[in-house]
Structures are given as C-alpha cells and as structure tokens.
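Please arrange chain B on chain A, whose structure you already have, making use of the hints.
Here the protein sequences come in this chain order: A and B.
Positions 1 to 204 (my numbering) are the ones given, in order, by the first sequence.
Positions 1 to 195 (my numbering) are the ones given, in order, by the second sequence.
By construction, these hints were calculated from the structure, which means they are not laboratory data.
Be aware that a few hints might be false.
Said to hold, decoys possible - Here are the simulated lysine-lysine pairs, DSS-like style, with alpha carbons at most 30 Å apart: (1) B:K136 - A:K38; (2) B:K30 - A:K30; (3) B:K38 - A:K116; (4) B:K136 - A:K41; (5) B:K171 - A:K38; (6) B:K30 - B:K145.
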Amino acid sequence: MTYQLPPLPYAYDALEPHIDARTMEIHHTKHHQGYVDKANKALEAVPELASKPIEEVLRSLNDVPESVRQAVINNGGGHANHSLFWQVMGPGKGGEPSGALGQAISGAFGSVAAFKEQFANAAATRFGSGWAWLTVDASGGLAVESTANQDSPLSAGRTPILGLDVWEHAYYLHYQNRRPDYIAAWWNVVDWDRVAEFYTAAKA
Amino acid sequence: MAFELPPLPFDKGALEPHISAETLEYHYGKHHQAYVTKLNELLGDSPDAAKSLEDVILSSDGAVFNNAAQVWNHTFYWQGLKADVPGPDGALAEAIARDFGSVDAVKQALAQAAATQFGSGWAWLVADGGTLRVTKTPNADTPLKHGQTALFTIDVWEHAYYVDYRNARPKYVAAVLDHLVNWEFVAANFAAAVV
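With the rest of the complex left out, here is chain B:
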C-alpha cells in the first residue's frame, strides 16, 4: 500500500492574502506531492512500505527519513492553518499562560524560532512531557523523532514564502501568527497529548 498525498483541508484561495493560492499550487501540488512520490519510490515493496508513516519516521534515517518526515510535516502544517480562528481558551490557554505567560509571548517565541532557523526547516509548538515548548528543526527534522508531540508548526523553507514575501521571512511568519493559526487544531493536539 503506497503512501498518498492527503487532500488539502481548505481551498487553495482560503489563506489569501496571507498565503496565496499560487504558493499553495506549488507547495502542496509540487513539493508535498514530490515527497510522497519520492518516499514511495524509495520504499518500493520493502516491508517498511506497509508501516504507518509515523513508524517509518521513527525507524528510518537518510533519504527515507527526509521524505517521510516531510510528508508528515506538510500534512500537519496544512491542518494548523485556518483564517480567523479565535484565540485559545480552556486548558490550552491555561497551559500557555503557565509555560509562556501569555498568547502574545508564545507567538513571540514562535516568531523568534522561525526567524533564527538558519537555512531550511520548521518552527514548532510542542508538548514535551507535560510542558509546552517552542522549538525549531532543520530541513525535515520533526518533533516525533525527539519524543515530543507537535501541536503547531510554521514551515520556514523558502518555498513556503518566497512567491509571496521574497526574502522577508519575518513578514510571512507574522502573517501566519496573526491571521492563520488554527487554534482549534492546536487545542485538539494538546488535549490528545496530555491524556
């Protein structure tokens, strides 16, 4: 059973003007698809091809890991993006207040992580044990590989923002944090992580 590109959970224009449909045409239609295609090529009909994507990520390194993790990271990234979702409340809001002080502070920490990931990579909000943390990873690296549960991510590969923002990565990151955080998705991940 080959891995498949999951459907994008929104229309390609749904994130405009912050992320353009043109960016999503390439980012989802070409980059995400290419990771899926390459992963299937690499696995062929080896026993690993029957594993879950998470198991492949946990048991691989090199090219298989890179492509498997990038399939997972992108699927997760899309789910974390939605326009104009109200900020967090309930248990997630309490945990953010406990570990960061405020929602603004966690956004600042994410912006800092995203800005300082040199080269290609990702900024993350994760649950690490019982604590919320902001981290950054290079290239395909992913929290699952570090025993952490991802709650939210921002892709800072240049292909995520170059069409819309050119070199201005901080503007892209600010637009995501101010307008596109799907707090319902973050809260659901948080609830599952602390069970």
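Okay, chain A solo, but in the shape it has when bound:
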C-alpha cells in the first residue's frame, strides 16, 4: 500500500479570485504529488509503517528509522499538511465559525476576530517556508501556532484542524511578495463546517 494524491474536492478554479487556478493546479499536481512520491520512496524499506495513515506515522516519529526520519518529516508532513489544507477550503465559504467551535474559539482567544488576528500574525511572521495552524491538544484546548517547512503539529502531540500554507509556492504567482494580502484573502475560502468536523473528531 502506498500513499496516493487525494483528488481535490473542487475544481482548480473554484477558489478564484482568492486563490487562482494556475496556483491550485501546480500546488496540487506538482508540489503535493512530489511529497506523496517522496514519502512513498522514504518508506519503501519500512512497509509496516507505510501501511499506516500518514497522520499516525507523524504522531510517532520515534518509530521511524533514523535513516529516513527527516525524509518522512519533510515529505510525509508535506502530504498530511496539504491533504488537510485542501479540505478546509471551498468555494463560496468564508464567514465565521459557529456552534461549539465558534464558542471554543471565542473562549480560547477572546473573540473570533482576536483569533483571526493571532492566526494571521502567525502566518505573516513565519520566516521562510511553513504553515500557520489552529490545533487541538490532548485535553481539547485550542492553540494558534506555526511550524517551519513541512513540520506537522501532529509530531508535537497536537491535532491541526485548520492550516494555512505560507510557502511562497502557495501564493507567489498571484500575490508575489505580498503574503499579507494572500492571508487576508484566504479567510474568504475557509470552510468552517469542515473545520468544525475536524474539531469534533480531534476532541473525541
């Protein structure tokens, strides 16, 4: 069993004008595919790990042989991070989180607006390549964090339920150096219903 590139749950142009079709196609078919291919190659010699979901492998990096651990962090992380990223976006989304998630976010950060500001700041200040996250810890608590490169919060014991890719490849064709404009536009495509599902699952 090898990892597969998951199909995008919408068309490449579905997130226009916030994320352009050309960016989405290259991001999905080249970057994400590249991580899938390299994760499979890294785990070729460790079939007992390659048969597990990538999220499970990333939660237990100590079980990954040292010779391939960094390759799994980079490429397995790239696979898991992008798989989540596609799912938490959608056409005609945006708005605000509601229900239990909305209450939990307001409780943890003071308000949804304060959460968005903290998250956007984490995304804007990640120097170099990486991600901003909303994560759930073992006791169900919410946190905003950012990781470098393709490091996954799963490896630190936290479950990401919302992620924003701030590698330059995620925005350069449309926004060039203007990462803050990309971050501001991205809120318009966040699928809060999906994030709420991930929140419920992470707390279960």
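Showing chain B alone in chain A's frame:
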C-alpha cells in the same frame, strides 16, 4: 546612518532568458528592499545601527539577524551573477581541481546542495580554512556566521525562481550554473580569502 539597498550591478534584463526582468523586479525591488527596510526599522537608532552590516550579522540573532543576513546574502548573490563569463583559471581553477576534481564536479555539488535544501535557503561555495567546500543554509543563515568566507551563492527561496520556473528548482539551478556564474567575482573572493 541607515542601511541602504545597494544598486543592482546589472540591468534587470541582463540575465534573461535564465532569470527574467520580472523576477528581478520583485526579487530586488521588493524582497531585497523589504529586508533593508525591516532591518532599519528593527535597529532604529540603537548603537547597532552604526555597525557594519557584517558586525550586525555576527552579533545578532532572531529578526535582526534574519533581515541583516538577507540583506547581505542578496547583495552577494547579485554580484555572483553575470552572463557568459568564461570558466575559472589560475589559482581558483587549481583549488577547485584539488578539492572537487573538476569544475563540473563543483557545479554538481552546488546543484545537489541547491536541490536538497528543504524549504527556503541558499547553496554556497565557501572557503573554509584553506579548503573549498559546498554547503547549504536554511532561510537567512549565512557562511559568515560559521567562520567561512562565501565565494558564490544560489538563492533557493521559491521567490528566486517561481515566476520563471514554477516548482522546477533544478532547472533554475542548472540555468544559473551553466550560464550565469560570475567566475571573475568568485576568483576575486577566493583571492581575498586565501591572503
């Protein structure tokens, strides 16, 4: 005295078709400028603002280091790029033959370092003691911080190649190594390093 963006040592179209004028508009005009602006903001009128850029790099960490090193790295990167400069000769050619075997071998080592720097960063040819070495550094990290003398660099932040090459970093690196290495600049750095 605030730090300033040094002039680009060539016209923005001078590296075409290997690196486009459009890339340089952003890379020099926006990214390099932003590092200069941010560094000056961070230093304000603190005593560090009166230091040389190299001294700031050596004595700082965190955001000041990131911006200071990126100012230096980009200035150095531009100087290392020039179209159709003949390959190395003299003492530099001898040192390359001694430490790598051939010019092709040092290019291969640079291509490998550039391809395998995961995320943002740089590939370098450095003088380390009396030896030439190829290294790679993440994000803003720079040979000066490691006691090495930089001779040449390739920027592998995605902003260096995404407009022209998209995800195909190896194609960008090959184009630089095959067409844009300013061997005169490399030789001058080498001569200064071994004095």
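Verification of the supplied hints:
1. Distance restraint check for K136 (chain B) and K38 (chain A): the Cα-Cα separation of roughly 21 Å lies within the 30 Å cut-off, and the hinted pair is therefore satisfied.
2. As the CA atoms of K30 (chain B) and K30 (chain A) are separated by approximately 27 Å, the hinted pair is consistent with the 30 Å bound.
3. About 24 Å separates the Cα atoms of K38 (chain B) and K116 (chain A), which keeps this hinted pair within 30 Å; it holds.
4. At roughly 23 Å between alpha-carbon atoms, K136 (chain B) and K41 (chain A) fall within 30 Å of each other, so this suggested pair holds.
5. Straight-line distance between C-alpha atoms of K171 (chain B) and K38 (chain A) comes to about 19 Å, which keeps the hinted pair within the 30 Å bound.
6. At roughly 25 Å between alpha-carbon atoms, K30 (chain B) and K145 (chain B) fall within 30 Å of each other, so this suggested pair holds.
Violated hints: none; the structure is consistent with every hint.
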